[in-house]
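*Asks:* Listed in order, the protein sequences are those of chains A and B. The opening residue of the first sequence carries number 1 in my numbering; numbering runs sequentially from there. The opening residue of the second sequence carries number 224 in my numbering; numbering runs sequentially from there.
A few of these clues could be false.
Across the chosen pairs, the derived CB separations fall in these ranges [said to hold, decoys possible]: (1) Leu250(B) with Arg194(A): 31 to 39 Å; (2) His125(A) with Arg521(B): 54 to 62 Å; (3) Asp203(A) with Phe485(B): 49 to 57 Å; (4) Leu250(B) with Asp222(A): 52 to 60 Å.
Hints are computed from structural coordinates only; laboratory data are not their basis. Note that the coordinates shown come from a computational prediction; the quantities given were computed from them, not determined experimentally. All C-beta atoms, glycine included, are put in the ideal place defined by N, C-alpha and C.
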Amino acid sequence: MTGACAGVLSAEEVSLVYADGDRVVHALSAITLRLGPTGFHGVIGPSGSGKSSLLYVLAGLRRASIGDVAFDGSGYRHMSDAQLAALRRERFGFVFQQPYLIGYLTARENVMAACGSGDVAPATHVDGLFEALGIAHLRDAYPHQMSGGERQRVCVARAMANSPSVIFADEPTASLDHTNGHAVMDLLSSYRDRGMVIVVTHDLEMLAGAERIVRMRDGVIDG
Amino acid sequence: MSKRLAHPLSAWLYLRRNPARALPVALVILVSVALVASVVSIIRSIDLTVYTMYGYHRRLAFVAPRNALELRPEIARAVRRDPLAKRVHTVRAALITVRTVFGKMPFAVLGLSPVAMKEVLSRCGLEVSAGRLPADGAAEVAVSEEIARNLGLAIGSVVLRPGSEDAYAPRPMRLVGLLRGPVWMAVASERFIGETFELSVESLLAMADSEDAQRRLEQSLAVRLNKAHARAWTFATLVRETRDALSSLYLIMNVVIGIVVFAIALLAGLLSSIYFRQRLPEMATLAAIGYTCAYLLRRALHETVILCVVGWAGGFVVTVALLAALRALVMEPRGLLLNPLDAGAYLYASPLPVAIGAFAYWSVWTGLRRFDPVSIIERRA
């Protein structure tokens with residue numbers, strides 16, 4: 001890792017091709033991108049444009065078919081699955097479209113579950129995060145006791161639990177109403193000074209204030 | 224102060240908060256352990272019955288003539304001169320039958336002289352708990368309390384009689400005493416049997432100083448006796464014959480238990496597979512946020528091990544309680560034997576949790592091998 005690469009996420013000529021039944025899907029074609037180390041970035045595009053695929057490849061959840069993605073100057077291609085998992089656990093945070101939380105855990109336990117397989121984050125740290133995100137009242141609630149917006153806010157807390165370098169958010173407001181959607185985006189946006197936030201969305205309004213917006217169309221960057 | 228909580232992904236927490244998923248598997252293991260251990264305990268009560276009923280063979284060796292009513296003099300001499308045989312007595316036996324879990328079994332009423340009777344009872348650790356010992360030459364019998372319970376006898380009852388198919392004697396023989404001790408025993412007067420029974424076989428009863436010496440005496444008799452003219456009835460022959468007689472039964476039992484273990488393990492494995500599929504979103508989320516498949520597999524294994532241990536322990540407790548109740552309410556009042564803490568029976572049930580755990584682990588492992596968290600997360604989307 002060099003100093004210039006610290007916290008920087010880069011993609012070099014990345015393509016993603018996969019089989020979907022009998023069909024071969026060219027999800028990404030020769031994407032070259034450099035983001036970070038801080039800031040609030042958006043990826044926007046119509047359905048099927050490859051924006052979610054780009055997010056998954058950048059996050060190490062999918063391996064690029066061609067090209068490579070690097071974080072902190074370390075390419076994913078030469079990392080094992082376990083090393084990629086460790087990178088996701090220690091340096092990245094995730095918010096998905098559906099605010100999925102583990103049903104039998106309280107909000108606080110769900111957040112603590114993201115704090116490492118062999119480690120238990122001090123409860124005070126998690127409680128502080130809940131306070132900061134304005135969801136302290138949800139701390140001991142179970143997912144079925146929360147609204148969709150509340151669950152997604154807990155997901156944001158979970159993404160921030162490890163103080164990650166990058167938070168990846170895939171359509172985090174898609175299942176929420178306008179008010180809750182903005183509230184979640186505000187929470188994510190608030191992290192821009194501590195690390196990088198990359199949000200995939202089809203709603204340009206949600207990216208107000210983004211440092212950079214990457215527009216995707218048919219698997220390529222279109223501006 | 225920083226307060227630390229239990230890890231939210233601990234197996235215990237999952238099982239505690241998901242009783243609807245944990246209990247069915249634990250219950251399957253519990254019931255199957257109880258089923259296997261109970262059946263095996265009851266079947267093994269046959270051995271227990273044989274070794275208890277005829278347990279006096281541990282302390283007494285009998286040498287009986289073949290095709291004759293008396294031993295040849297040279298054989299009798301050989302027995303009496305064996306250096307390990309510290310006491311040798313003449314014995315004449317009458318037969319009664321006792322009830323067991325597998326039907327009626329013959330039991331010898333040992334006809335002994337008054338001196339021999341006292342020595343034999345003392346050697347076997349028996350004492351008179353009620354009544355008295357049979358008088359020399361009298362039509363009297365003393366039996367162990369267990370035999371009296373088994374046959375529903377009380378002091379004064381007729382034990383052997385002329386018209387009986389199971390306990391024949393030319394003249395009625397009454398119960399005059401009860402014996403208490405570690406082995407079952409029935410004794411009568413040798414003189415009475417010799418004088419009353421038309422055909423009574425005269426055998427020898429040989430006793431060594433200790434159980435260890437008794438075993439060596441048995442081996443010595445087995446080597447020295449001319450088997451064409453005499454036969455030694457020892458504990459070793461009892462064990463061998465019991466095993467031979469029960470070998471087919473145990474073979475059938477092993478096959479049936481093997482099938483039961485396989486079927487139950489398959490069922491539990493399928494349950495685990497269903498539960499695993501229901502938990503795919505949880506697994507996918509954990510995998511996405513950085514937990515490796517190896518970690519998820521270890522976690523599933525930990526949950527399975529806990530369920531197996533809890534299920535087995537529960538099965539053990541339930542089996543002990545069931546068998547203890549069965550023994551107290553059904554078996555003991557009839558003088559039948561059953562050991563609720565038969566370690567061998569629980570050993571038979573031990574492959575169950577192992578097989579169930581292996582099937583469950585295998586089903587989760589195959590699920591995780593084809594696991595793609597992104598496709599699960601996207602499908603939810």
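*Asks:* Please test the hint of 52 to 60 Å on the beta carbon pair from Leu250(B) and Asp222(A).
*Replies:* holds, 58 Å
*Asks:* 49 to 57 Å was suggested as the range; check whether the CB atoms of Asp203(A) and Phe485(B) agree with it.
*Replies:* With Cβ atoms ~56 Å apart, the hint holds.
*Asks:* CB of Leu250(B) to CB of Arg194(A), is that within 31 to 39 Å?
*Replies:* 49 Å Cβ-Cβ, so the 31 to 39 Å window is violated.
*Asks:* Given the range 54 to 62 Å, decide if the beta-carbon distance of His125(A) to Arg521(B) lies inside it.
*Replies:* At roughly 26 Å between Cβ atoms, Arg521(B) and His125(A) fall outside 54 to 62 Å, so the hint is violated.
Taken one by one, the earlier hints fail for this structure at numbers 1, 2, listed in ascending order.
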